Amino acid sequence: MTRTEPTSAPISPHAQRIVLAHGGGGQLTDELIEDIIRPRLNNEWLEALDDSAVLSVPAGNLAFTTDSYVVQPLEFPGGDIGRLAVSGTVNDLAVCGAEPAHIALSLILEEGLDLELLRRMLDSIAAAADEAGVRIVTGDTKVVARGQADGMYINTTGVGMIRPGRSLGMAQVQAGDVVLVSGEIADHGLAVMLQREPQTAIRSELKSDAAPLNGLIARLLEQVPEVIFLRDPTRGGLAGVIADLAERTGLHLVIDETRIPIRQETLYAAEMLGLDPLDVANEGKVVVVVRPNAADAALETLRADPLGCRAAIIGQFEGEADGLCELLTDVGGRRIIQKPYGEELPRIC
Amino acid sequence: MCLALPAKIVEKDGEDAWVLLGDARMKVNLVMTPEAEVDDWVLVHAGFAIQQLSEEDALETWQLIDDLRQPEEAAS
Amino acid sequence: MTIRAQMSRLTEDLHACADRLGRPASFMEVCGTHTVNACRSGVHSLMPSTVRLISGPGCPVCVTAQRYIDALIELGRDDDVTLTTYGDMMRVAGAGGSLELARSEGADVRIVTSTMEAVELARREPGRQVVFAAVGFETTAPATAAAVLAAKRDGLANFTVLPCHKLVLPAMMALLADPEAQIDGFICPGHVSVIIGAEAYRPVVDQHAKPCVVTGFEALQIMDGILALTRQLEAGETKLENRYPQVVSNEGNPKAMALIDKVFQPGDSAWRAIGMIARSGLDLRPDYAEFDAFQRYGITLGEDHDPPGCRCGEVITGKCAPADCPLFGTVCTPIYPIGPCMVSSEGSCQAWFKYRRQEMKHAERRAAQEEIVS
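Residue numbers (the numbering used here), protein chains in the order written: chain A, 2 to 350; chain B, 730 to 805; chain C, 914 to 1287.
Read the hints as simulated data drawn from the structure, not as lab findings.
All of these numbers come straight from a predicted model, not from anything done at the bench.
A couple of the hints might just be wrong.
In silico SDA-like links for lysine to any residue, alpha-carbon gap of 20 Å or less [stated by the list, open to error]:
| # | chain 1 | residue 1 | chain 2 | residue 2 |
| --- | --- | --- | --- | --- |
| 1 | A | Lys143 | A | Gly26 |
| 2 | A | Lys340 | C | Asp1196 |
| 3 | B | Lys756 | A | Arg204 |
| 4 | C | Lys1168 | B | Glu764 |
| 5 | A | Lys340 | C | Thr1246 |
| 6 | B | Lys756 | A | Glu272 |
Where chain A lies over chain C, by a calculated footprint (3+ residues, C-beta under 8 Å) [what the hints assert, rightly or not]:
| # | region |
| --- | --- |
| 7 | 917 to 923 |
| 8 | 946 to 958 |
For each residue, glycine too, the CB sits at the ideal point set by N, CA and C.
All chains should be built: construct the whole structure from the sequences, respecting the hints.
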């Protein structure tokens, strides 16, 4: 019996979807990489197609981070899972004081995934990597049977060199230090939530803030040496970061609610769903702790960047050593901020 | 069980309507406020308009919410 | 004038009024949304120490009996059943876990923000039996009624509701019938009042001589309500005041009341941690029996047992504060709730835990430090 098989035919114009064989390590895997992935992400490392990317690094400290992305829906106003996967890992490196450099990209695709959607996600990954100035140097693709994943999942792992002579850390925080946030909060979490069932009865212009912040952070660290700590308020929202800051420094942190930047439409959406915007995720914001004498300089530097133009000073550490974060509420009352418990559910009560 | 917000009707199709909350559009049911028409204000709870409101009263409620984020002093 | 300046003026007035009153006063906010908003905006921190807010039974999630949750979970084990619920109910535990846990074990549970989404789901997926967990007070009951009417009109054979609606006034009257209840006045639930009308609270004022104030949900409105109640006590008055007339009329919304009346009839209802209260719930009328999940699935509710040591019943009736319960914050926390008041985000215990527990620790520590200094 003779059977002829195409040897290097491009992906059939009729093939619109991912099939299990795309992850089988055979010809279809090669086609996926050659026709869809590499043209979008190519660089000298991917060109080599080795099992590992070999990087030459200067002496010093390397920051190393990993994160998985499972957001639903895959595309939402202001971003998509691809942009999120690059920005999230870049930001995790940047807030540790590192210059993000190289990213490993791992895709888990569900059988039946629309190839056009995959192309869009890869374009988005490439665009976000360009924006951040990082290279995707190695990767992996697996396909799982229909129903075993939700469209696609992405893992990104990144490395970057820590700026020499610059150490950031919570241990340095002391009474008097000032807290800033780089812009309006809660956009990402609410924009995504409004795209999900059952909130589809709500149509909003709200956009995710997903963005790589390494440029903004690099300028801040260069121009304001008094910056001592950075953290991106992703899951758990601003509340998660400020409660953690108070708890782990053991200091008393007072935050003024009226100074926390938030878009009016975001506040409305939060009211509609019964959510506290402080608990809602951000993907393009950074919380900054700075010595009091440089708070204005930090604010100015943040505001000079389009990604930080709505930055604000929101609070200050006080002397009392009780590890609590206190919110001076918008009506002048006081309450203690705690970390959110987990998934925030829309409520009608 | 009481989260409710005032919203303006921008489109009406029998019992169903779309209201505007800030810049967000939301689908609501008008069975409890059948007289409400386009441009009228209603109080929305769990996908239903539960009361018709005067524009003045509706705006007053929104003002209370908007005012919450007016800083005490101009940010430095 | 900024909101803070307005609040500060109200606060000063309240402190002065409480001083003139010269004795402690306890007011019950009946609605859970009042509880959450007061805690979230720090209203308690602004109040004089002699004026106390008690969180009443106004969280329908907290007063939903365990056996009702257990019945929902049992229904969810049926492969043909899709449970639909407001997000509020997901973490409420029955004796056998919560809907969140049931979902992790394979039950098809979907969160809706409107009853009409549940009806729409039944239309879209005719192969599924869609059951809506119909909880809530008078604000939410008309929406359930409208869904049942829509299902009847469209002849939807795959839509039912498991009714557990509760009525506010019978609960308030039952609380006042308890001679140990420590309640000097009520902040009446603003949006329930939209439906039933401010005049509905007249029996509380006339028969029990307790002041009632209907107010809105913004912190300023809540403080205004507390001040109005304190002023009544100071003047020795017992009045029904509607301080939310922008949205609450005296007679309520007759269309909404008619919807409730068309589909439901009053029935005895079990309140978690309080017990059975006569005619405090809503049962489907016989005309709509085909949409009653109790009937379709032959569900009878078993016995309810409140967890040992739990003082939620006393918290809801104002006899003790959440922090007085030995379980509070130790074994009973929002992540692992034991009592009903800890399960819902608007439950008094969870609101206290989330917003006030640390605050109280903070106050204790300060007091202890002052003692050492002096």
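Evaluation of the provided hints:
{"no.": "1", "hint": "A:Lys143 - A:Gly26", "result": "holds, 9 Å"}
{"no.": "2", "hint": "A:Lys340 - C:Asp1196", "result": "violated, 40 Å"}
{"no.": "3", "hint": "B:Lys756 - A:Arg204", "result": "holds, 9 Å"}
{"no.": "4", "hint": "C:Lys1168 - B:Glu764", "result": "holds, 11 Å"}
{"no.": "5", "hint": "A:Lys340 - C:Thr1246", "result": "holds, 13 Å"}
{"no.": "6", "hint": "B:Lys756 - A:Glu272", "result": "holds, 16 Å"}
{"no.": "7", "hint": "917 to 923", "result": "holds (count 3)"}
{"no.": "8", "hint": "946 to 958", "result": "holds (count 9)"}
Hint check: a violation occurs at hint 2 only; the rest are consistent with the structure.
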